[in-house]
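Residue numbers (my numbering), protein chains in the order written: chain A, 195 to 561; chain B, 129 to 522; chain C, 2 to 101; chain D, 40 to 142.
Please keep in mind that the hints were generated in silico from the structure rather than gathered at the bench. Watch out, some of these pointers could steer you wrong.
As the list claims (entries may be wrong) - Pairwise CB distance ranges (calculated):
hint	chain 1	residue 1	chain 2	residue 2	range
1	B	I187	C	G67	45 to 51 Å
2	D	D63	B	F193	47 to 53 Å
3	A	Q297	B	L215	29 to 35 Å
4	C	G67	B	N309	37 to 43 Å
5	A	N425	B	F193	47 to 53 Å
6	C	L70	A	N425	16 to 22 Å
7	C	R65	B	I264	32 to 38 Å
8	A	P398	D	G64	39 to 45 Å
9	A	F542	C	G67	24 to 30 Å
10	A	G222	D	G64	54 to 60 Å
11	A	G540	B	Y416	55 to 61 Å
12	B	Y416	D	A127	45 to 51 Å
Said to hold, decoys possible - No farther apart than 20 Å at their CA atoms in a straight line, the calculated lysine to any residue pairs in the SDA-like style are these:
hint	chain 1	residue 1	chain 2	residue 2
13	B	K351	B	K443
14	B	K429	A	K233
15	A	K233	D	W141
16	B	K443	D	D94
17	B	K429	C	G67
To be verified - Every beta carbon over 10 Å from chain C, so not counted as near; a handful from chain B, in silico:
hint	residue
18	G172
19	Q232
20	K235
21	R282
22	K286
23	E359
24	T423
25	T435
26	M442
27	V445
For every residue, glycine included, the Cβ atom is placed at its ideal position computed from N, Cα and C.
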Amino acid sequence: MKRVQREIVVIGSGPAGLCAAIEAAQAGAGVLLLDENAKPGGQLFKQIHKFFGSADHRAGVRGLDIGVQLLKQAEDLNIEVWLNSEACGIFDQNSVWVVRDKQHSITVEAQRIIIATGAVENSINFPGWTLPGVMGAGAAQTMINVNRVLPGHRVLMVGSGNVGVIVSYQLLQAGAQVVAIVEAAPTLGGYGVHTAKVRRAGVPFYASHTVKEARGTDHVKSAVLVNLDSNWQPIDGSEFEVEVDTICIATGLTPAVELAFGSGCTPVNSPALGGLVPVHDAGMKSSNESIYVAGDVCGVEEASTAMEEGRIAGLCAAHSLSYLDEAAFSRRFEQLQHNVNALRSGMFGQRRREAKESIVSSYGVHR
Amino acid sequence: MGKALDVVVVGGGIIGLASGYFLTRNGKRVAVLDKGGFADGASGACDDMILFQSKKPGINLELTFESLELYKRLIVDFDDSMQFKNLGGMVLIENGEELAIMEQFVKEQRSYGLDVELIDQKDARKKQPFLSDHIIASTYSMMDSQIDPFHVMRAFEKQGSALGMQIIRRNGVIAIERLGNANWKVITADGTAYEAPAVVNAAGAWAPSIATMVGAVVPIVPKRGQIVLSERIPPIGETNLWNAKYLVTKLHKGSAVTLSAEEVELGLSLAFTRSAGGTYLMGSTREYVGYDKSTTIAGIKGIINLTLGYLPKMKDVGIVRAMAGLRPETPDGKMILGEHAGLDGFYTAAGHEGDGIALAPITAKLLSDLVCGNRIERTLDELSPNRFGEATNE
Amino acid sequence: MSDETENRDMLICRCEEVTLGEILDAIDDGFVTVKDVKRATRAGMGLCQGRSCSRTIARIISQRTGKPLDEVLPKSYRYPVRPEKMSAALSEESEDESDS
Amino acid sequence: MNRIVDHPILGPLADAEVVHIIVDGVALTARKGEMIAAALIANGKNTFRRTVKRDEPRGIYCGIGRCTDCVMTVNGIPNVRTCVTEVAEGMVIETQLGSGEWQ
């Protein structure tokens with residue numbers, strides 16, 4: 195197979211991958227950015243809502259606009275980008291098997307690899323969950339915001355976390371009707387600002403509810419919802435049916451860890467961050483000297499934290515190839531650490547910050 | 129430590145579970161210990177074959193006949209087909225030299241009772257429409273069969289447990305001591321000890337390290353085999369396929385048939401077999417890399433290159449996975465089965481190289497007869513662990 | 002997740018169509034990790050190689066046996082991470098297509 | 040039609056070159072550059088395949104090329120992930136039955 199050499203290969207051009215590539219290129223390193231999709235940007239181009247947080251986290255700017263800005267930065271730095279390129283495996287710690295356009299294979303020998311492969315949606319199971327019309331909330335979001343196609347007209351949203359309420363609002367914007375949002379927990383999950391928008395649009399929320407069954411022969415026709423008691427067991431007789439043609443499942447994300455673990459990066463279980471993640475140090479280096487990780491792959495958080503982790507990984511990967519003198523590196527490293535810590539504030543943020551701190555502090559043990 | 133035991137079987141792959149089942153059926157109280165999960169060793173990283181055609185006439189071929197008969201009886205006893213199938217096998221011949229050597233080999237096999245014949249290109253293509261044009265002829269035998277290793281192991285486990293067999297997983301053996309009362313004491317990682325008059329070393333590629341715990345020598349070397357799995361597709365032709373090239377270079381050291389550099393370096397030969405799940409297992413390599421079970425780009429590419437050479441139409445079929453297993457190889461290509469001299473009650477049943485699935489039932493039956501002191505018609509000297517003389521760990 | 006015992010016929014592994022009942026039986030037979038359950042039932046051996054069902058299976062095992070999740074995971078992580086056509090795995094990229 | 044012709048944030052749908060595809064023998068139109076799954080859903084087709092064991096209908100599920108539930112037979116080749124494969128002029132797309140037909 196054809197072999198080429200690169201200094202730093204970034205796998206995944208979502209918020210983490212894009213920022214890692216930009217940061218590494220700014221430090222002077224040669225960067226190759228890979229993405230299996232036809233367009234870069236990953237989830238950014240699905241996030242048409244406004245981000246919020248501190249100003250330098252581009253609060254008030256929509257995800258897709260951030261994506262456009264980052265792509266421009268990447269072009270200005272003439273970072274080499276291979277789209278429609280799937281990284282199928284990492285062999286002998288640094289050889290990346292890439293299949294381009296699903297037709298050609300090429301091995302890229304990288305001195306450093308930054309894995310930024312994001313996360314995948316969780317499933318919940320109920321009779322009929324495999325019917326056409328039942329899909330991940332992310333799938334529906336991709337359909338409406340990227341492909342400009344409505345997956346259905348009467349939608350049941352399962353899960354009231356940020357993804358559930360944001361995608362519900364975007365479904366409304368796209369012209370669909372959101373019949374209800376069910377949440378198994380007694381309290382709703384998402385940030386108040388998103389929940390309020392959806393409530394104002396007249397969408398009913400059903401806390402302590404879940405889907406008992408989806409009905410339909412070739413496609414979803416209706417969903418039977420059921421009330422859950424205090425220890426999450428269905429209450430007989432509380433079932434009621436809603437006419438829907440689409441059921442979106444928004445019950446959390448799991449880090450997409452196959453590339454990292456397939457190449458031997460040590461796993462650690464971190465429930466607050468979505469399950470098994472590759473162990474890493476504060477500089478986002480995995481248990482493997484030449485492999486860095488950033489973004490949802492090493493802990494499900496938000497696009498903004500993914501961007502900061504991407505920058506840290508890009509900076510440290512470049513520095514490990516002796517780019518940037520010590521002073522410039524540590525000044526930038528401190529600043530990025532500050533940024534990412536600032537993002538992990540508030541009730542949800544605190545739990546994630548503690549989870550990250552325990553991973554980083556256990557880094558020595560796991561090596 | 130649980131109730132008293134008669135036999136401790138070290139190793140929970142297909143050989144260990146089969147041995148445990150046969151011993152339990154013969155009334156022995158048995159515990160099977162495995163350091164890993166279910167089928168973590170070679171038994172979970174191999175194809176399904178009960179293969180006759182690759183075997184030189186001799187004890188391996190004879191034992192395969194007997195093993196096939198045992199499987200058929202077990203299928204009735206267990207009322208479980210274990211996905212047994214009899215699709216037959218073809219060894220593909222590419223040139224005149226191979227044909228000459230295979231003609232001789234087929235004659236020998238037939239004299240040994242194997243129902244195998246040579247068929248021409250037209251018949252070969254009828255049985256396998258995906259064949260490349262350059263295949264000039266093939267062998268064909270309806271004897272070659274297959275059974276799903278996972279079903280077999282699950283059946284031995286279920287049936288054995290029903291008769292009282294214990295299975296302890298994820299708890300490796302760290303030491304084996306000889307007690308005053310001539311029992312063996314097997315100590316595991318979590319500190320539990322299992323005591324019994326007999327210990328069976330069925331640890332496959334790891335059998336040497338178990339043997340050294342009692343000062344015995346088992347000259348088994350791990351030989352890595354990489355396998356590439358296709359997506360599930362409808363059946364491609366009737367039979368499973370192998371290439372004659374590799375076999376010929378084994379049979380005739382000086383033959384004019386030559387292997388490519390890649391084939392030599394990776395020990396590449398074609399094995400194209402359909403799994404119980406409807407996927408095709410494509411292999412395989414033969415690499416001496418110690419206990420490293422990772423796959424390599426060279427291995428995966430080599431296997432795909434080789435397969436497309438024989439079956440060009442497979443180019444549009446997707447691969448979903450590559451895996452590797454460690455074949456336990458012995459110096460003379462025969463398993464090690466028997467009691468070690470000077471170590472009463474310490475047996476080894478390992479070293480099946482690529483034939484562990486095929487030979488599991490007959491190995492287990494003979495091992496069980498040995499431990500129980502039952503009469504065995506055939507002589508097992510050829511398989512004895514003591515056949516290697518004062519083998520030293522060179 | 003509705004009550005487990007009642008939905009034995011519900012699918013858990015979408016690719017290989019393995020039901021909750023088959024998975025629960027395997028767990029009760031002593032197959033108590035995601036890899037064990039995969040080998041005993043084929044759940045996770047399909048086209049997506051367990052991406053859709055491994056997490057659910059881990060949760061079912063954990064609920065059924067009381068084992069913590071990290072004892073039940075990880076699944077096995079083998080390459081390629083996407084199904085690739087055999088022709089794609091082989092065909093070299095020609096000189097001109099890729100740059101330096 | 041399920042196309043979002045106008046959108047409060049994304050604005051009007053830009054016109055795109057039309058691509059003709061044949062789906063189970065029926066000629067349909069799609070937009071150049073869009074994914075097969077999007078084109079089919081836009082044309083009101085949600086069942087992409089029927090499963091091997093239970094012959095049950097399946098359509099899009101993860102939408103990002105990972106769960107492989109949306110596979111169909113495209114130009115005679117089964118198991119093509121339609122949510123991450125772009126349409127092309129004259130593409131022949133068939134609902135896949137079981138593990139598909141291999142000529």
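Evaluated hints:
{"no.": "1", "hint": "I187(B) <-> G67(C): 45 to 51 Å", "result": "holds, 49 Å"}
{"no.": "2", "hint": "D63(D) <-> F193(B): 47 to 53 Å", "result": "holds, 51 Å"}
{"no.": "3", "hint": "Q297(A) <-> L215(B): 29 to 35 Å", "result": "holds, 33 Å"}
{"no.": "4", "hint": "G67(C) <-> N309(B): 37 to 43 Å", "result": "holds, 39 Å"}
{"no.": "5", "hint": "N425(A) <-> F193(B): 47 to 53 Å", "result": "violated, 60 Å"}
{"no.": "6", "hint": "L70(C) <-> N425(A): 16 to 22 Å", "result": "holds, 19 Å"}
{"no.": "7", "hint": "R65(C) <-> I264(B): 32 to 38 Å", "result": "violated, 57 Å"}
{"no.": "8", "hint": "P398(A) <-> G64(D): 39 to 45 Å", "result": "holds, 43 Å"}
{"no.": "9", "hint": "F542(A) <-> G67(C): 24 to 30 Å", "result": "holds, 28 Å"}
{"no.": "10", "hint": "G222(A) <-> G64(D): 54 to 60 Å", "result": "holds, 57 Å"}
{"no.": "11", "hint": "G540(A) <-> Y416(B): 55 to 61 Å", "result": "holds, 57 Å"}
{"no.": "12", "hint": "Y416(B) <-> A127(D): 45 to 51 Å", "result": "holds, 47 Å"}
{"no.": "13", "hint": "K351(B) <-> K443(B)", "result": "violated, 28 Å"}
{"no.": "14", "hint": "K429(B) <-> K233(A)", "result": "violated, 29 Å"}
{"no.": "15", "hint": "K233(A) <-> W141(D)", "result": "violated, 31 Å"}
{"no.": "16", "hint": "K443(B) <-> D94(D)", "result": "violated, 27 Å"}
{"no.": "17", "hint": "K429(B) <-> G67(C)", "result": "violated, 43 Å"}
{"no.": "18", "hint": "G172", "result": "violated, 6 Å"}
{"no.": "19", "hint": "Q232", "result": "holds, 34 Å"}
{"no.": "20", "hint": "K235", "result": "holds, 36 Å"}
{"no.": "21", "hint": "R282", "result": "violated, 6 Å"}
{"no.": "22", "hint": "K286", "result": "violated, 7 Å"}
{"no.": "23", "hint": "E359", "result": "violated, 6 Å"}
{"no.": "24", "hint": "T423", "result": "violated, 6 Å"}
{"no.": "25", "hint": "T435", "result": "violated, 7 Å"}
{"no.": "26", "hint": "M442", "result": "violated, 6 Å"}
{"no.": "27", "hint": "V445", "result": "violated, 6 Å"}
Taken one by one, the earlier hints fail for this structure at numbers 5, 7, 13, 14, 15, 16, 17, 18, 21, 22, 23, 24, 25, 26 and 27, listed in ascending order.
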